[in-house]
Amino acid sequence: MMLSHTQLEFDIAPEVLEAAWQQSRVYSNSRSQWTAFLNQICLSIVLPWLQAEHLPQAVSDLQAWELVNGTAIQSDRQRFIFIPDKSIDTSQLTVPQEWMDIPSWAGNYYFAVQINPDEQQLRIWAYTTHEQLKNQGSYDPSDRTYNLEAPSLVSDLNVLWVVRQLNPHEVTQSPLSPLTPVPAAQADHLLQRLTSAPLPRLEIPFSLWGSLLTADSWRDRLTQARQTGEVAPRRLTQISQWLQNSVMEGWQLLESLVNPDELATSLRQTPVSEVSREAVRRVKRLTIRQQTLLLIVAIAPEPDEKVNIRIQLRTEERTEDLPENLLLSLQSTAGSMIQSMQTGDRYSSIQLRPFKCRIGTQFKVQLEEQSSNLLEDDETQSEVLIEEWFQC
Amino acid sequence: MRQRQDITELFSTFLQFEAERVSGWATDARLRRSAETYIKSIQQNKTSEWLVATYWHRYWQQQSASSSKSATALGHLSAYLQESCYWSTYNVIRQTPGIRHPLSDCFQVAIAEVPKVLRAKDPQHPSSLKTYASYAFSNIIRDFLRQRRELDLCSDWGLLLKLSRKRLKEALAAAGMSESESAQRQLAWQCFETVYLPTKASGLRRLAAPDRQAWEAIATLYNRQRQQLSVPGEDGSPETLERWLAQCVKYTRSYLYPSIDSLNRSRSDEDNSELQDSLVDHAQTNLINDWIEQEEISDRQNQYQQIRAILADAIATFDPTLQQLLILYYQRQYTQQQIAKELGIPQYTVSRKLTKAREKLLLAITQWSQETLHITPTATVVKDIATLLDEWLAAMPEA
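Protein sequence lines, in the order shown, are assigned to chains A and B.
Counting in the working numbering, the first sequence runs from 1 upward without gaps.
Counting in the working numbering, the second sequence runs from 1 upward without gaps.
For the record, the hints were derived by calculation from the structure and aren't laboratory data.
Worth double-checking, as some hints may not be accurate.
[To be verified] A short list of chain A residues far from chain B (calculated; beta carbon distances all over 10 angstroms): (1) L8; (2) L17; (3) L43; (4) S60; (5) T90; (6) T94; (7) D156; (8) V159; (9) L191; (10) Q224; (11) E230; (12) T333; (13) I350; (14) I359; (15) T361; (16) V384.
[Said to hold, decoys possible] List time: in silico DSS-like cross-link candidates among lysine-lysine, alpha-carbon distance up to 25 angstroms: (17) A:K364 with A:K306; (18) B:K356 with B:K341; (19) B:K166 with B:K250; (20) A:K356 with A:K284; (21) A:K86 with B:K200; (22) B:K169 with A:K86; (23) B:K166 with A:K86; (24) B:K169 with A:K134.
Since the model is a prediction, treat every value here as computed from it, not as a measurement.
Glycine included, each C-beta is placed from N, C-alpha and C at the ideal position.
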């Protein structure tokens, strides 16, 4: 690490450079390969530095290098967005709109990072906040970016650590409006269309694009489709096959995760006697806001080609509580709500009403977090955390 | 360099260079008349350079950018910041090994950025405009030198990959290209980058010219994407795209290597608008002076003494090596390499220790200003204190 006056400079070790280069080769075109390469270097250097010097809790949070430049690091409910750039121009910071206007992506702090691979050097030359970028920056519709000129940025990173310490309630984020969800059929259609688009982020209106990116599953499918050239079908969990004991990727036997003493209470409203011997319970671990949660699906065969299904969400550690304002819902594949349950203060689990479903029917289970907008009390924002698709 | 004496001179004269050396001060007659008019209009006891600078700064911020009043205020402030700019340039050049650019060039580049500095600086905050500008000028010159060095090392095609969209746009505008043509070139550049980034990790600078196949791919992509432009134009052949991008390189090089000697000439020389325009509007003058009066000068000097004491106290708690390091860096102006050599420790340790020490000192002063002056430490305030910190440290007596 080098201090160029007050800016931070790091040397990039040859092995970091090489590893980042190798990892970037799977991306779909030379632009996204370079985005991945620069962001990987940035993450490899910045994260250990942050953890060692300033934010021991920092973890890498969100990256979509196939689609958007930038890397998010999360620490204690605050988000730090790093925007690496290979250009020699340090006259302004350019931040893709995704990092500003998608509520679940938006950060508190934004860092301008210049990388010179030829010199094997990385330089963090300034930072600013979401609030400043929004209010003092200019929006460029031609490449959907927010821009703020260098003199309005803070080039001395010490300022950041001092302000965080002495003024922890500094407003760093401007209010954001929620994005309208895109219906599943339209999302699938757009996935096809964007698979081969050279610049997918500029191909469709931002309101659509931003909303689609919010859903992890859709984003993963687009990324994969662009990298393999094939649109993967929606990951559909065939739950009736569990009755034949087949195993699905990501789903484990409940018994393998939960200690047997707890099993009796794990599906709380279900007396043990009612769970028939044939019932199968599978569990998927989810990491939500740095906490491990379990999504438990219990199924039991019913007459007339039907299955009885119970769905529960709980914490892995019984002593912990679920985050507040999580909404667990059962939806049709078209996205219409069938039923839902919301967490409140000190809930350790929530469960949907048991339902019956004909073999072959598809449905969706969605987990979203609702946060009330502090400035406009009656408006709530919601962010889809998990979407799981099932077929009976 | 001769020190400028009276306040009128401070706000109306410009440094002159001859054969890379300062040859003297040149007076801009129009700015001189304007400064005299203003100074006559205010009471004798309020003619400190700080008050006059703050006046013009606020005045500038209230004008629309293209007005002649704005040009006059900018002229006064550019004149005022001549020394700050000169010394920032001098220091950066002294600290940077192997520079081939004359001081006068670097000076001109920095002084041209005065409007941006004025925009970013809040006149209400404690640091003086001079201090703030010195800090900004140093950053501007460092960036300029870094960029020049990189440009010298780049092949034409490598240069295209080191550009930002903003710079390209500016270069095309400077070459007199229309907006629609410029948008087409920008798209061509974007397509070039999408298709033709190097396939080696360290291959940006010496990127070779694209071959026929690559130009075809660039043209295909361009023709697909051009429909999104507001003026989509014709399909581009591979030859057209090659010609366009070669043109972008040419325009960029001449944009980033401007003929520098004309930059510091005061704009108002060529401005034929009536002198009347730049005469001070008295109602407004009084209004601005009322604001300035609220900030007591004696208080500021008193605070400066206190800040020194706080810094000295904080430094006294540092271990002896760190204290020595601060003295070498701030008071004796050693470079980090020189300190590393002197103290026999690696340069990154020097750098890290300096960063940490600076953070602690910044924290101490900000804390003090929060508790004593009840200033909320927002990022803008702390940024402002941080720009002052280096000046305070440099002015500390060696313990």
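Results of checking the hints against the structure:
Consistency note on A:L8: stated as away from chain B, yet its beta-carbon is not over 10 angstroms from all of that chain's, at 8 angstroms minimum. Here A:L17 does not stay apart from chain B, with its beta-carbon only about 6 angstroms from theirs, under the 10 angstroms limit. A cut-off of 10 angstroms between C-beta atoms confirms that A:L43 is not in contact with chain B; the least separation is 16 angstroms. Distance to chain B confirms A:S60 as a non-interface residue, since its nearest Cβ pair spans about 21 angstroms, more than 10 angstroms.
A cut-off of 10 angstroms between C-beta atoms contradicts the statement that A:T90 is not in contact with chain B; the least separation is 5 angstroms. Not every CB of chain B is more than 10 angstroms from the CB of A:T94 (nearest about 7 angstroms), against its label as outside the interface. Here A:D156 does not stay apart from chain B, with its beta-carbon only about 5 angstroms from theirs, under the 10 angstroms limit. With 10 angstroms as the threshold on Cβ separation, the claim that A:V159 sits away from chain B is violated: the shortest Cβ distance comes to roughly 5 angstroms.
Distance to chain B confirms A:L191 as a non-interface residue, since its nearest Cβ pair spans about 19 angstroms, more than 10 angstroms. Non-interface status of A:Q224 relative to chain B is upheld: no Cβ of that chain comes within 10 angstroms, the nearest being about 20 angstroms off. Distance check for A:E230 against chain B: the nearest CB is about 21 angstroms away, which clears 10 angstroms, and the non-interface claim stands. The claim that A:T333 is not at the interface with chain B holds, since no C-beta of that chain comes within 10 angstroms of its own (minimum 33 angstroms).
The beta carbon of A:I350 is kept farther than 10 angstroms from every beta carbon of chain B, the shortest such distance being approximately 40 angstroms. With a cut of 10 angstroms on Cβ distances, A:I359 stays outside the contact zone with chain B, its closest approach being about 45 angstroms. With a minimum CB-CB distance of about 41 angstroms to chain B, A:T361 clears the 10 angstroms threshold, and the non-interface call stands. Look at A:V384: its CB is around 29 angstroms from the nearest CB on chain B, clear of 10 angstroms, so calling it non-interface holds up.
With a C-alpha separation of about 17 angstroms, the suggested pairing of A:K364 with A:K306 holds against the 25 angstroms cut-off. Taking the CA atoms of B:K356 and B:K341, the gap is near 20 angstroms; set against the 25 angstroms cutoff, the hint holds. Restraint check: the Cα-Cα separation between B:K166 and B:K250 comes to about 16 angstroms, which is no more than 25 angstroms; the hinted pair holds. A threshold of 25 angstroms between alpha carbons decides the hint, and for A:K356 with A:K284 the separation of about 21 angstroms falls inside it, so the pair holds.
Of the supplied pair hints, the one linking A:K86 and B:K200 holds, its CA atoms being roughly 14 angstroms apart against a limit of 25 angstroms. Straight-line distance between C-alpha atoms of B:K169 and A:K86 comes to about 17 angstroms, which keeps the hinted pair within the 25 angstroms bound. Simply put, B:K166 and A:K86 have alpha-carbon atoms about 14 angstroms apart, close enough for the 25 angstroms limit, and the pair holds. Among the hinted pairs, B:K169 with A:K134 is consistent with the structure: their alpha-carbon atoms are about 22 angstroms apart, no more than 25 angstroms.
Violation of the numbered hints given earlier is confined to hints 1, 2, 5, 6, 7 and 8; the remaining hints are satisfied by the structure.
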